[in-house]
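Student: Listed below, chain by chain, are the residues.
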Amino acid sequence: MAAVELKGLGKRYGAAVAVEHVSLRIEHGQLVCLLGPSGCGKTTTLRLIAGFIEPSEGEILVGDKVLSSPARTVPPEGRNMSMIFQSYALWPHMTVAENVAYGLRIRKMDRATVEAKLKAILSTARLEALADRYPGELSGGQQQRVSLARAMVVEPETLLLDEPLSNLDTNLREEMRFEIRRLHDRYRYTTVYVTHDQAEAMTTADLIVVMNHGRIEQLGTPLEIYDQPRSAFVARFIGGSNILTGQALDAGHVEIAGARLVAEGRPLKAGETVALSVRQHEIDLLTAPPTDGVNVVKAIVSRGVFLGSSRDYTAVLGDKTEIRITTPPDRNVMPGAEVWLRMPARGCRALMGGNEA
Amino acid sequence: MKVRRVDLSLPIFIGIVVVLVVIIALPMGWLGVFAFSDKAGNATLANFVTLFSDPSFADPLVTTLIIAVSVSLICAAVAAPLAWLVARTDMPLARMVRTLIMASLVTPPFVGAVAWEMLAAPNSGLLNQFWRLVTGASSDEALLDIYTLEGLIFVIACYTFPYVFILLANALERMPGELEDASSMLGAGAWATARRITVPLALPTLLAGTLVAFLQALNLFGSPAILAIPAGFHTLTTKIWSLFEFPPKPELAAAAALPLLLLTVALLRTQALVLGRRGYAIVGGKYGPPRLIRLGAWRWAATAFAMLILSLPLFLPYLSLLNTAFSRVSSQIVGLDNFTLRNIRFTFWELSSTLPALRHTFFLAVSAATLGGLLALVIAYVVARRLIRGHRILAFLATAPLAIPGIVLGVGLFLAYTRPPLTLYGTLWILLIAFVTIELPAAYQQFSSAFHAVHPELEEAARMLGASRLRTLGDIVGPLLRSAAIATWCFIFVGVIRELSAAIILFTSETKVLSVLIFDLKESGDVGAIAVLSLTMVLITTVVIVAANRLVGRPAIGRLPTRIAG
Chain D
0 MAAVELKGLG
10 KRYGAAVAVE
20 HVSLRIEHGQ
30 LVCLLGPSGC
40 GKTTTLRLIA
50 GFIEPSEGEI
60 LVGDKVLSSP
70 ARTVPPEGRN
80 MSMIFQSYAL
90 WPHMTVAENV
100 AYGLRIRKMD
110 RATVEAKLKA
120 ILSTARLEAL
130 ADRYPGELSG
140 GQQQRVSLAR
150 AMVVEPETLL
160 LDEPLSNLDT
170 NLREEMRFEI
180 RRLHDRYRYT
190 TVYVTHDQAE
200 AMTTADLIVV
210 MNHGRIEQLG
220 TPLEIYDQPR
230 SAFVARFIGG
240 SNILTGQALD
250 AGHVEIAGAR
260 LVAEGRPLKA
270 GETVALSVRQ
280 HEIDLLTAPP
290 TDGVNVVKAI
300 VSRGVFLGSS
310 RDYTAVLGDK
320 TEIRITTPPD
330 RNVMPGAEVW
340 LRMPARGCRA
350 LMGGNEA
Chain P
0 MKVRRVDLSL
10 PIFIGIVVVL
20 VVIIALPMGW
30 LGVFAFSDKA
40 GNATLANFVT
50 LFSDPSFADP
60 LVTTLIIAVS
70 VSLICAAVAA
80 PLAWLVARTD
90 MPLARMVRTL
100 IMASLVTPPF
110 VGAVAWEMLA
120 APNSGLLNQF
130 WRLVTGASSD
140 EALLDIYTLE
150 GLIFVIACYT
160 FPYVFILLAN
170 ALERMPGELE
180 DASSMLGAGA
190 WATARRITVP
200 LALPTLLAGT
210 LVAFLQALNL
220 FGSPAILAIP
230 AGFHTLTTKI
240 WSLFEFPPKP
250 ELAAAAALPL
260 LLLTVALLRT
270 QALVLGRRGY
280 AIVGGKYGPP
290 RLIRLGAWRW
300 AATAFAMLIL
310 SLPLFLPYLS
320 LLNTAFSRVS
330 SQIVGLDNFT
340 LRNIRFTFWE
350 LSSTLPALRH
360 TFFLAVSAAT
370 LGGLLALVIA
380 YVVARRLIRG
390 HRILAFLATA
400 PLAIPGIVLG
410 VGLFLAYTRP
420 PLTLYGTLWI
430 LLIAFVTIEL
440 PAAYQQFSSA
450 FHAVHPELEE
460 AARMLGASRL
470 RTLGDIVGPL
480 LRSAAIATWC
490 FIFVGVIREL
500 SAAIILFTSE
510 TKVLSVLIFD
520 LKESGDVGAI
530 AVLSLTMVLI
540 TTVVIVAANR
550 LVGRPAIGRL
560 PTRIAG
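The listed protein sequences correspond, in order, to chains D and P.
Be aware that the first sequence starts at 0, since it is given in numbering that gives the first Met the number 0, and climbs by one per residue.
Be aware that the second sequence starts at 0, since it is given in numbering that gives the first Met the number 0, and climbs by one per residue.
Worth flagging that the hints you see were computed from the coordinates, not collected in a lab.
Careful, some of the hints might be misleading.
Computed from the model, here is a short list of chain P residues facing chain D with C-beta under 7 Å [unchecked claim]:
id : residue
1  : G176
2  : E177
3  : H454
4  : R462
5  : M463
6  : S467
7  : P478
Beta carbons are placed, not taken as given, at the ideal position from N, Cα and C, and that holds for glycine.
Bound conformation, chain P alone (with noise of 0.2 Å):
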């Protein structure tokens, strides 16, 4: 029998690496450059002196740390016990909680931070204008601030506390009860248990929750953006965008994006450290699911509790966002006098920029999440099954991006496709790069895990009855692995929608997304058409999220989005 074998591993290869430089080294090479250029073009380390020296750098970064500290503490203490309670008590309606605080996900931090100025902006805020006819109170004074330190904090909790939620539940929920019942044995109270057993076994996880809020917060754009600038003060981030208007200093906004580049890897590192040891948790044997505990007559308090929590990422918010888009004044209830279609009219209709706004999105989404699902479905192939030497080298550079923050990644594209031989800022192109980078990490984990659900003696039971290589591949991998490349996709297609923080830097007028469109309207006061926007982007989420669990058959949204959103 002859068979003729085509060696395709170096050609495959050296496409691979060729893709990853352009979207990923390049980038952050131009990055590293810059930050160590003058204007001129020489060496020099004074970016890095006026960093840390100048005080509109210097307190940014004081502000960004105080913002992620606070945030982890207190994402670490809303989500602990709340994931206790739905995961590990008879807590009425605990599904729906679980449900509800995953579905928060779906909503944008800068659309979540567009709704709490809606409710607790000093003057127009919901909230303030409710307790002032409550109270009494004059117009000039304020129940809540939102435009300080401390709101945005809060908004900034809001939509990253579920992240450690998830995180902890999970942990809780797969915790083998058999461990806790082998203490129960042994004499010690439920108390004793609790802290002896439970607590130190769901600690790792609980820290690692935790870093990944503090990275959320760090890297965030849309919410400072939005609730920073208006209180005249500036975090990393906003402040490396501030850099770009005119006159633009890339050298300084390169300088400043380092550390914020260099933070987010150790961080992770640290991460996978915490998470790395967790494996003493799950040693041998079959285990059963652990016993719920008895809440008694504190039931309904807990639910309670959980919902009053609720109600500050999703009930207020959304409600607030409804309100605006169907009021004729933005600042009161919406009822049968002031009902208005109006905004949505406007906004459909009037507004010139939404309908190419929305044609760029789409179409950056649907080939983001077409070629970097591809890409990444090669990658995970090629590693997950050693089919050339450097497989692992492929790996790391399919991971690397996550370290990347957007913004960085943004101005790392900024500086390397400004300038031939591919000028590519100012097209969609420089998006579509930024779009597949970012995603890129969590699509190759997703198809990793999956090849590694795939038995590697399912292909060779096929290559054994006579199926060649390519054969097999579309025989038994492409239908195993079908739900994992509807989920990635679905996945890839949901993250370019919501992305702010790469594409605030790349946009041009030309190429302006949903995304850009509502931080833009924020300059000209458009509520109405914010609301409406924001609407639907969160619409287009979740029909694609619930599409995505139909197609599936299980939750796609319960596996974590490694990336941070921005």
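Next comes chain D alone, as it looks inside the complex (with noise of 0.2 Å):
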């Protein structure tokens, strides 16, 4: 048992680089998660340290063994590690036992040893019922479930997740997020996920990594990297977030659309063009002017939908941004009203560099 460390890894495609420069280190009994849009390199990677691909430079260590380096790749078979598909790939033509049971026969275990631990996991994962059954006629759920006990069979160094629950609805993908968590709290197999969907990050994983035009856009604790984006394309990834550019005033204040605001996550350098993030449910919507008018805003409401447990209000900036707001349900402002948007403190971030990524 052992961390898994990539080290510079990258892909190219020719000109295309779908992987560049990602380091990362995944403690044993760790479930990071490969999070970002389609296309991020996320997959990538995921199949490079499956070692389906080879990379263009850099390497991938499980311990201190080398699995992958430009000069030697060892196949996924010499690996030990396990893979649940997006497609789940279960084999059509063999049973949901003979399914499960393949990775136990291919190590040549004796019968008895396959017999005993194909019983165990088909009862762990409430399949026993179903043993005899095809494929075909399971349900996506159920499915799934066999996929995740022919990965979790074999007892494997590494498990490996492909985007898992993208074939599942909306209920059944709930609930299978907790049961993947359930099962990793018991095994702690060393865990990659690959996902795009920002909620199942922050249910399942210990770490996340943030991906973005195949490098590592920021890496951290779910609560880190919902706190603390350290650029614009985290902030409006994870949970989503209002952008506001303007001028440094000083370490902690920024100029926006006239107002003054005080900014954090940064030390500021006075006249830099600065991009501070704010959460949408973070912004407190008055529709009179604040005495005290500390870290407010002036704007006008060009929308407001109601979405009954809160209301969505889009409203304009005297320098034609637009914001948008999260209020509860019962503040309730016509389009064309002025209002004043307190900014809380902690919640105004400065992000890396000013730029939009």
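Please assemble the complex out of the two chains, which come individually in their own frames, going by the hints.
Tutor: Have a look at this one:
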């Protein structure tokens, strides 16, 4: 049992860069989510770890063993990993039991061991009753559990999951998220989980790796990623956020649309252009000017939508920036009304570099 | 864990390329060289001057084009209403009509031509005799004469329209019902919907089908050889064949084959273009099957119409073949007084060439199906999984023979392998090469679509669990490809059994196959033996197809053989 380590990993297809300078250490027993939009390189990274493709640069180590490098790549079958595929990849010509036992047979275990392990995993995955069915006769959720059982039963060193829930409907997806976390807590396999769904990543991961354009954008615990986004991309991708651009007045203040706002996250240089990230539900929408006027911007409401448990407003600042605000459902304002937006000091995060990613 | 990896990709690639060069590139290369050479081997354009100025070449060219155009128009005109009736109306017995039309494809075109000779030859033809009996016309009058250009066009159309029909019926059936319902909801009546929605959606398929018919008529050898030569005219294919009679003029044959090759390539490109845009017919969403149109009082009239059409390629020809096979005198209707098994005894026990021909045919069909199937399997796997650099070249070479008419391939192989280092002419091997080449594209396409249906993740899942690539092939890919492999094997087998146009150039007296034997018996006029052998061929074909369908569990013949049969 050992950590998985990616060192300066890169993959190019001709001139196109799929993955670039990805370095990451996954400690034993950790569940790491690779999170990002489609085309961000997360699936390529996973397939590099699995050994289906060879890196153009960098290497992959498990413990102190080099599994992948441009010179030599151990084929998938030699890595003692397991993978759960987006399509589940259940073999349609084998029953549930045959599918699950396949990896044990490949490992040439004796009949009694195979039987015992099969029985145990089928019971854990609540599949005993379905053992003799063919995959075509199962529902989506059942197929997913077979796929999990098949990957777990061989007791891999590393477990890889490639968008495992994307083919399920919403209710089932939520249930399976907790199922995956439960199984992980029980078996503690080092796990790499690829998804484009931030809620999925939040629920399951110990560590989230946000990827964009083939690079790691930010790496941290779910709380860090949400609370302290380092770039506009991360702020927008995780939880959704308003990005406001303004001029730094001093180390802790930024001027936006004529208002002086308190910013935090990093020390600023007076005069530099700064991008601030503000979560939409952290903004307080006021219908009258507050007496203290601290951290407040004036805006005109352009649109309001009632969503049942909340209201969703769009307002325009003096500099034409559009801003979205989530309020309690009883805060009813007509479009065209003048409002005052109070930004909480710890909610205005200055982002790195101030550029839009 | 130690894992040894031997990189086999280069040897595999080189091996496949060598095989493909031997069976495709070399013959086509020699064809090009000969077309531009004179007898002494000097470069010249004289062959083409002869080809386009000498009326004995120019006439067949014109005749061939007339035939191809007429056949494709007739096919479209017959197949379109029939496909609509079968796929979109409540015509009774629609399933049976569909099956029978597909079954008529089992008939090799030259067998159809022979059967129609028995039906509509001016004197002995059964239909003409019947007509004389009914009208009391004198014995030198005839209603029908099959030995004419019109007769030839008719017979070719009989065995070509099913291709158009299948394409069109499938397209009409898969057309989403909602597309028409949406039009109705917007207030369009039945005719407006048909005119503005249904017909435009089906049009690309009809066009593509018409092109298939055109190609078929263009490259067909069997029917013209049987009907046009007695009628005293030539098509391009029969003309090419006649150039191999003594004294052989291979340069001219090569030159005459080139236009055929180029025309075929051009038409296939057009077809790909037409079908390539068909995608717009199926845009997103889940669709229900289209609603069937009620024919009301016309229901049975529609069935009668379908049966009438079916009598032309199916009922009448097979009745005449059976009649000839079991009648003492072929031009008389078989009855108790003249029923005989003499023809069967003669064919199988007295005719010395029958058994060798059957042996050769079976040997070639089994080996071509096995070797060709394996070759197609390996190429399809390498291409589908992009295992090696240059896999596109392999895909191109494997599908290229689609554009090579059988007779053109025959000429090319003849030119390439009558000389050292590989003198194969006169052996069965040259026929084997021809058949493998001819069947390769269809086999490759079968396996290719089968591989695309096997999600790569199914293989990757096995690899992740520790199975090597070879083990994965055995455990996962093999079982999943079983049906496709059986279907492909049977396809090639059937294709070889009925192939005539390449065999007619490449056979020698020692290497006759069944189709060539039937064609040869025409010269000696043994109609009884011809009928028996034709029925035997159709019987073998039918048995293999039925067996394939049983084993595969779904109709394998439903997938249209893209190869133009000769």
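Student: For each hint, tell me whether it holds in the structure or not.
Tutor: Hint-by-hint comparison with the structure:
| no. | hint | verdict |
| --- | --- | --- |
| 1 | G176 | 26 Å, violated |
| 2 | E177 | 23 Å, violated |
| 3 | H454 | 5 Å, holds |
| 4 | R462 | 4 Å, holds |
| 5 | M463 | 4 Å, holds |
| 6 | S467 | 6 Å, holds |
| 7 | P478 | 5 Å, holds |
Against the hints set out earlier in the document, violations occur for numbers 1, 2.
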